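Starting from the given sequences, assemble the full structure and let the hints guide the process.
For the record, the sequence lines run as chains A and B. Just so you know, we're using our numbering here: the first sequence kicks off at 1 and counts up by one. Just so you know, we're using our numbering here: the second sequence kicks off at 1 and counts up by one.
Treat the hints with care, as some may be off.
Claimed, not checked - Computed cross-link-like contacts, DSS-like style, restricted to lysine-lysine with a CA-CA straight-line distance of at most 27 angstroms: (1) A:Lys99 with B:Lys323; (2) A:Lys162 with B:Lys301; (3) B:Lys323 with B:Lys150; (4) A:Lys201 with B:Lys150; (5) B:Lys387 with A:Lys146; (6) B:Lys150 with A:Lys83; (7) B:Lys301 with B:Lys387; (8) B:Lys345 with B:Lys154; (9) A:Lys99 with A:Lys83; (10) A:Lys166 with B:Lys323.
To be verified - With the C-beta cut set under 8 angstroms, the calculated list includes, among others, these residues of chain A facing chain B: (11) Pro22; (12) Ala38; (13) Phe39; (14) Arg75; (15) Ala79; (16) Ala294.
Hints in this document: simulated from the structure, not taken from any laboratory. Just so it is clear, the structure is predicted and the values come from calculations on it, not from any experiment. Each residue gets a CB set at the ideal place from its N, CA and C atoms; glycine is no exception.
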Amino acid sequence: MIKQLAFLTLLIAVAGCSRDLPDRVAADSENVNNIADAFAGGDDGGQTTEVLQEPTGWRDLRITFTTSGDVSIPRLTRAVINKDVSICAPGGVFPASRKLVLGNGNAVQFAAVYLDMRNFPVDNENWVHPDYAADADATIGPFDQKNCVFLNHVFALRASQKLLIKNSDTVGHNTKSDSAPGSPNVQIAAGGETLYDPGGKAPRGGPVSVSCSAHPWMNAYFLIREDPYNGISNEEGVVELKNVPTGVDLEFRIWHELLGNVTVAPNVEFKKGKLHLNLEAGDAPEEIEIVLDAARLQGAL
Amino acid sequence: MQSMESATRTISSTLWCGLLLVVLAVAGCDGTAYFQFNHAYLDRQVLDTNNGRPDDAQITISDEQEENVSEILQAAFGTPDAPIIPGVEGAADLLDQEFLDMAAGPVGRREDGSPRGLYRQHCAHCHGVSGDGMGPTAEFLKPYPRDYRKGIFKFKHTVLGAKPRKEDLRQVLMEGIPGTAMPSFRVYDSQELDAIIDYVIYLAIRGDVERQLEATILQKTADEGDNPLLADTSANASAEDREGLLDAKDIISDVVTSWTEANDSLMPVTEPPANWQSDESIALGREIFLGTGGCVACHGKTALGDGNPDLFDTWTEELVGAKGQSTTARLEFYDEHFAGTGTLKPRNQRPRNLRLGSFRGGRRPIDIYSRVTQGIAGTEMPGGKVKGDDAWAVIAYILSLPEEVISKPSGDLDFQRERN
Numbered sequence: 001m002i003k004q005l006a007f008l009t010l011l012i013a014v015a016g017c018s019r020d021l022p023d024r025v026a027a028d029s030e031n032v033n034n035i036a037d038a039f040a041g042g043d044d045g046g047q048t049t050e051v052l053q054e055p056t057g058w059r060d061l062r063i064t065f066t067t068s069g070d071v072s073i074p075r076l077t078r079a080v081i082n083k084d085v086s087i088c089a090p091g092g093v094f095p096a097s098r099k100l101v102l103g104n105g106n107a108v109q110f111a112a113v114y115l116d117m118r119n120f121p122v123d124n125e126n127w128v129h130p131d132y133a134a135d136a137d138a139t140i141g142p143f144d145q146k147n148c149v150f151l152n153h154v155f156a157l158r159a160s161q162k163l164l165i166k167n168s169d170t171v172g173h174n175t176k177s178d179s180a181p182g183s184p185n186v187q188i189a190a191g192g193e194t195l196y197d198p199g200g201k202a203p204r205g206g207p208v209s210v211s212c213s214a215h216p217w218m219n220a221y222f223l224i225r226e227d228p229y230n231g232i233s234n235e236e237g238v239v240e241l242k243n244v245p246t247g248v249d250l251e252f253r254i255w256h257e258l259l260g261n262v263t264v265a266p267n268v269e270f271k272k273g274k275l276h277l278n279l280e281a282g283d284a285p286e287e288i289e290i291v292l293d294a295a296r297l298q299g300a301l
Numbered sequence: 001m002q003s004m005e006s007a008t009r010t011i012s013s014t015l016w017c018g019l020l021l022v023v024l025a026v027a028g029c030d031g032t033a034y035f036q037f038n039h040a041y042l043d044r045q046v047l048d049t050n051n052g053r054p055d056d057a058q059i060t061i062s063d064e065q066e067e068n069v070s071e072i073l074q075a076a077f078g079t080p081d082a083p084i085i086p087g088v089e090g091a092a093d094l095l096d097q098e099f100l101d102m103a104a105g106p107v108g109r110r111e112d113g114s115p116r117g118l119y120r121q122h123c124a125h126c127h128g129v130s131g132d133g134m135g136p137t138a139e140f141l142k143p144y145p146r147d148y149r150k151g152i153f154k155f156k157h158t159v160l161g162a163k164p165r166k167e168d169l170r171q172v173l174m175e176g177i178p179g180t181a182m183p184s185f186r187v188y189d190s191q192e193l194d195a196i197i198d199y200v201i202y203l204a205i206r207g208d209v210e211r212q213l214e215a216t217i218l219q220k221t222a223d224e225g226d227n228p229l230l231a232d233t234s235a236n237a238s239a240e241d242r243e244g245l246l247d248a249k250d251i252i253s254d255v256v257t258s259w260t261e262a263n264d265s266l267m268p269v270t271e272p273p274a275n276w277q278s279d280e281s282i283a284l285g286r287e288i289f290l291g292t293g294g295c296v297a298c299h300g301k302t303a304l305g306d307g308n309p310d311l312f313d314t315w316t317e318e319l320v321g322a323k324g325q326s327t328t329a330r331l332e333f334y335d336e337h338f339a340g341t342g343t344l345k346p347r348n349q350r351p352r353n354l355r356l357g358s359f360r361g362g363r364r365p366i367d368i369y370s371r372v373t374q375g376i377a378g379t380e381m382p383g384g385k386v387k388g389d390d391a392w393a394v395i396a397y398i399l400s401l402p403e404e405v406i407s408k409p410s411g412d413l414d415f416q417r418e419r420n
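Laid out in structure tokens, this is it:
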């Protein structure tokens, strides 16, 4: 009887000790060998023979962001803003969600536009207008916070620039971004400021999240790129990129926090997730309107 | 009569033993280890990407795509039994194949008598074969073991955002992490520790590359639809299909470079003033701690770590709901999407109780200096604010806290949460 009980105990111990794990993902050995051979053979995906085009001139590009209809933006609640309430919800008024900020009319603020191309020659003066050299290593900003809100919900800077981060609040904040180069996480006293230096490196992908540890509901984004052809829409919903090279194929990402990369918009053609443009020379800006679907925005809020 | 009873008992025992052996065999004693695919990270990226997308535009990642990522990783990094140093610049200088071979594989001895399987012998039961921090004992430990796959390590003497040096990882092995289940391994052979260090870095690089490959294939799917492969080396693959190889190599190269740069990223250290442990210095440290340092926001005015209970570390952030919601709602997100998927149940990251005198990253003044000036990677602990002599004053105060009588606190005590 004791042996049977011992066996049953052992059986239950063996059967009951495992945690549910996902199924194993197989790897076909032939495919593995082919990939390994390609790596070893210096396979570069066929890029070496690509011939760069040459720009023909410059033209301004103006992209306007609007919504297709009304969107109701909720306010944060007491359950979320649970400290420093007198500062972060002054007068008992809790702030609206910053995930969507509408400007004048149906203008969408804080949408991002940026180049996303593998071989963009950022150091070539035929591709990057010389005017951009003036502030290539400037200190820009400020990126500020007040009443526990990052005043610029999305802030664009070049990897070669430095960003002045200010805290105009009456309480301390720390500005933190795990994914930004250098993973900044700096405590800034009330009324203080600090300088963020990406060190010339741009992260992979698009905007990276910025937060405050002391006030976890605070959220914003940095868009850090090596080239200057990027921008964030203003209160009019407008991004204006000056002196964009003409006569060459350019690939832009269009981004909004609620939608991620925008790949569909009325009357605008996207190819493989990007806005492909080849601007013709002209004095007037090239105008493009991106209409974001109100229902999708509402659903994502 | 007695011999018949004895024979009956013998037959019965044999049957039970035989049945036990069958059960053990069926229960899964296959010794072939494999790297667990990082489903949690990919699933979270898919969820975030699909948020707000109409039903007919929802993205899924196919089994073939997951296998493609797995195949790229195996081609570049090998297997748990046969690790490979990836063929990118700097990797062969960073990692030693001999060390990887000593640490990898099942526990035993190699033909020349050198050890094999050191990682599985000492580390895998907590940190997992893949370095995912989800070994068999992990769920019973508090805090959970480190997940290496983000390439983030808390306790180091490099600047915030930089990888740890090998010396930093060696310090963790030598000292252990007080207050956790991570023991000291100082009794082990120095070369064996070097082997484990190299293997941990190897796992960290592999895990980081895996995450980035997953993000890349998801992006490609969102852009192109039709579940494209990331790297297609088949005979009829187009040049565009093969571009993924370049992306994969770039990713591996960038991750390796971040590790090779660690030695150039040592944190700057201001020498402590001669009187840094004086009463005056402690008083200054207290003033900074309670005031401009901003420490009380999380550590609380009593330094008990009760200032902010709603924090999550960076590893847990990927499993819970987005910021801007209540903690309850964030945990409900985990229950809805990740419970039962093999991940560890999220726990809040508690700010350190500084009155215990136990410091996970080491209690030498230089160790606390690193925490105060550089913050703690992967956590909400910031750096950069308190520097120079002020930092040493804060360190003096922190080291004095276990001796400070809490029933007679120095400052006014308020409730940590406002009552409105």
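Against the structure, the hints come out as follows:
Taking the CA atoms of A:Lys99 and B:Lys323, the gap is about 11 angstroms. The hint holds against a cut of 27 angstroms. Distance restraint check for A:Lys162 and B:Lys301: the Cα-Cα separation of roughly 34 angstroms exceeds the 27 angstroms cut-off, and the hinted pair is therefore not satisfied. Distance hint between B:Lys323 and B:Lys150 is fulfilled; the C-alpha atoms sit about 20 angstroms from each other, no more than 27 angstroms. For the proposed pair A:Lys201 and B:Lys150, the alpha carbon gap of about 19 angstroms is at most 27 angstroms, so the pair holds.
For the proposed pair B:Lys387 and A:Lys146, the alpha carbon gap of about 25 angstroms is at most 27 angstroms, so the pair holds. Under the criterion of a C-alpha separation no larger than 27 angstroms, the hint pairing B:Lys150 with A:Lys83 is inconsistent with the structure, at around 30 angstroms. At roughly 21 angstroms between alpha-carbon atoms, B:Lys301 and B:Lys387 fall within 27 angstroms of each other, so this suggested pair holds. Of the pairs offered as hints, the one joining B:Lys345 and B:Lys154 holds, with about 20 angstroms between alpha carbons and a cut-off of 27 angstroms not exceeded.
Between A:Lys99 and A:Lys83 the alpha-carbon distance is near 21 angstroms, which keeps this suggested pair within the 27 angstroms criterion. Distance hint between A:Lys166 and B:Lys323 is fulfilled; the C-alpha atoms sit about 22 angstroms from each other, no more than 27 angstroms. For A:Pro22, the interface hint holds, since its Cβ comes within 8 angstroms of a Cβ in chain B; the closest pair sits about 5 angstroms apart. Checking A:Ala38 against chain B by beta carbon gives a least distance of about 5 angstroms; that is within 8 angstroms, so the hint holds.
For the restraint placing A:Phe39 at the interface with chain B, the shortest Cβ-Cβ distance is roughly 6 angstroms, inside the 8 angstroms limit, so the hint holds. The closest approach between the C-beta of A:Arg75 and any C-beta of chain B is roughly 11 angstroms, which is over the 8 angstroms cut-off, so the hint fails. The beta carbon of A:Ala79 is positioned within 8 angstroms of a beta carbon in chain B (closest approach about 4 angstroms), and the interface hint is therefore held. The closest approach between the C-beta of A:Ala294 and any C-beta of chain B is roughly 11 angstroms, which is over the 8 angstroms cut-off, so the hint fails.
The structure is inconsistent with the numbered hints 2, 6, 14, 16, although it conforms to all the rest.
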